[in-house]
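Novice: In order, the protein sequence lines correspond to chains A and B.
Using our numbering, you'd call the opening residue of the first sequence number 2 and step up by one each time.
Using our numbering, you'd call the opening residue of the second sequence number 796 and step up by one each time.
Hints were generated in silico from the structure; no laboratory data involved.
Ideal placement from N, C-alpha and C gives every residue a C-beta, glycine not left out.
The reader is advised that the hints may include incorrect statements.
As the list claims (entries may be wrong) - What follows is a set of in silico ranges between Cβ atoms, one per label pair, in the way DEER data are often shown:
| # | chain 1 | residue 1 | chain 2 | residue 2 | range |
| --- | --- | --- | --- | --- | --- |
| 1 | B | ARG819 | A | ILE72 | 30 to 36 Å |
| 2 | B | LEU880 | A | GLU22 | 54 to 60 Å |
| 3 | A | LEU253 | B | GLY888 | 56 to 62 Å |
| 4 | B | PRO958 | A | ALA238 | 29 to 35 Å |
| 5 | B | ALA1049 | A | GLY144 | 51 to 57 Å |
| 6 | B | TYR873 | A | TYR28 | 27 to 33 Å |
| 7 | A | THR86 | B | VAL884 | 45 to 51 Å |
The lines below spell out each chain.
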Amino acid sequence: MGRTFFLCWGLGMASPLVSIENVDMRYGGPSGTLAVSGLNLKINRGEFVAVVGPSGCGKSTLMKLTTGLHIPQTGAVIVANQQVTKPVSIVGMAFQNPTMLPWRTTLENILLPLEIVERHRHRLRAHKAEYVAKAEKLLETVGLKGFGDKFPWQLSGGMQQRANLCRALIHEPELLMLDEPFGALDAFTREELWCVIRDLHASQDVTIVLVTHDLRESVFLADKVVVMSARPGRVVAEHDVPFERPRQLELLYEPAFNEMVQKLHGEIATARAAA
Amino acid sequence: MTTLDTSTPVAVPPKPAFTVNWVRLAPFLYTIGLFVIWEIGVRISGLPHTILPTPTRVFEAIIQYWSPIWKNSLQTLYTTVLGFLIAVVAGLGIGLFIGWSKTIYAGLYPIMVGFNAVPKVALVPILVIWFGIGTVPAVLTAFLISFFPIVVNVATGLATIEPETEDVLRALGAKKMDIMLKVGIPRSMPYFFGSLKVSITLAFVGSVVSETVASNSGLGNMMASAQSNFNVPLVFAGLLMLAFEGIVMYALMAWFEQRMTGWAHRSTMAN
Ligand SMILES: Nc1ncnc2c1ncn2[C@@H]1O[C@H](COP(=O)(O)OP(=O)(O)OP(=O)(O)O)[C@@H](O)[C@H]1O
Ligand SMILES: [Mg+2]
């Protein structure tokens, strides 16, 4: 009894939450675009990983492989000790383009995942009030208190992205995949949302993968920054971010921070040139 | 100086008390204008009633033959609306079926296009062989001619779901059915309600064509027999009644569309 417990515990600690092993992914049949090739990546439970790389190098592809939206032709993607053969349901996703449904209010949009995820859909009707309260709390966290009954098209682009974030979080996913979620935001809102994500990661037991073009964002938020090569994408470098948590925005102006950003910048420039 | 100061704020408000909303009035004014030009044009050119009657003569005919006109108008409205309703149900069903999968879409689409290319008037004789002369062929022709736009629009609404929206839902473990219910069907509703306007007008075409060649009642039949009696004002009276019914039904569908899918208009306006 004690031994099994110990074994399970040991396994849970040792194996990463996401493990991508020698993956090739080609779009559109045998003669199509080879998006990623020889991709290897491990993401531990509770880790915050940022993925950077030249445009079109396969970052979004990496996200879709991890969530099971695409199945690789060769290699294996393993999430939570299981090989991915269909979409895994422990994830929350947010894209750059906020895909809010215009016929639902913001609150109803945020509740949408609960109508789908197995764990929640049967409870939703009976526990509606509880879920609504939760959604409203999330809205408050991202600074959208009182906007729940507005329709998405009544919100600004930045507000829609915040709502999008709430929708990715409502079902408390173990793994949060963010694909350039702050792309279209102004600098101030963006920094504000960095803090929201930072606090979320600190307070909850969540693993986050963030794809971004903003190197400062990646260094400020992540435990580990993964640099990808130009297409076909593979991982060329992994950097542990040494800065202490909790990190404050002042960190952005420290020399060590900027040095790391510059180093990453240089690496991506090299990766682009190699293509 | 002081008198000027006090008078200006008072002087402004009374102005908008009586303004004519020209946009609202425009449809009525233009319609009346059309009739006036028609009346004057016919009178000046001196065309006989048997070729082009004046509007006043047509209205006279409406009053004179009110009882048959009323009866036949109701009959046409009945066959049209019945055919249209069948088209709505069938069109929605077939549209959802076609939009469901890429394979079904690819397989059925050419068949549908081919079917739509066949002039429906050519089908009336077949319908008469199957169902005899009367209401049934008229209803079926109205149905056949009006269901295609509905099918195409519903299927298009389903087929154009943004891949990112679909990805977000699939990553949550959504089945095809979930995606259809949560996104596909609500999304295709503006297309569906938009197609109703086109569809109802086509339904009138179908029922009248069928009544003209294969029926003993309806406006189509009434106009055909009026024409063989050289009663041209009555033919025009029938046309006017048809136009009137068409406008009313179209307006009803437009209102319906606005009521059901107002979000689509507002959301595109906001973007
Ligand atoms: N659905 C698709 N069909 C065909 N090719 C695709 C598809 N999606 C992506 N690709 C190709 O795969 C490659 C990687 O695309 P991906 O979207 O993963 O890039 P990315 O790193 O996310 O780029 P960006 O930073 O610009 O978002 C690109 O060259 C692209 O042309
Ligand atoms: Mg991308």
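Novice: Does each hint hold? Answer for all of them.
Specialist: Hints, one by one, checked against the model:
no. : hint                               : result
1   : B:ARG819 <-> A:ILE72: 30 to 36 Å   : violated (59 Å)
2   : B:LEU880 <-> A:GLU22: 54 to 60 Å   : holds (58 Å)
3   : A:LEU253 <-> B:GLY888: 56 to 62 Å  : holds (58 Å)
4   : B:PRO958 <-> A:ALA238: 29 to 35 Å  : holds (31 Å)
5   : B:ALA1049 <-> A:GLY144: 51 to 57 Å : violated (40 Å)
6   : B:TYR873 <-> A:TYR28: 27 to 33 Å   : violated (55 Å)
7   : A:THR86 <-> B:VAL884: 45 to 51 Å   : violated (39 Å)
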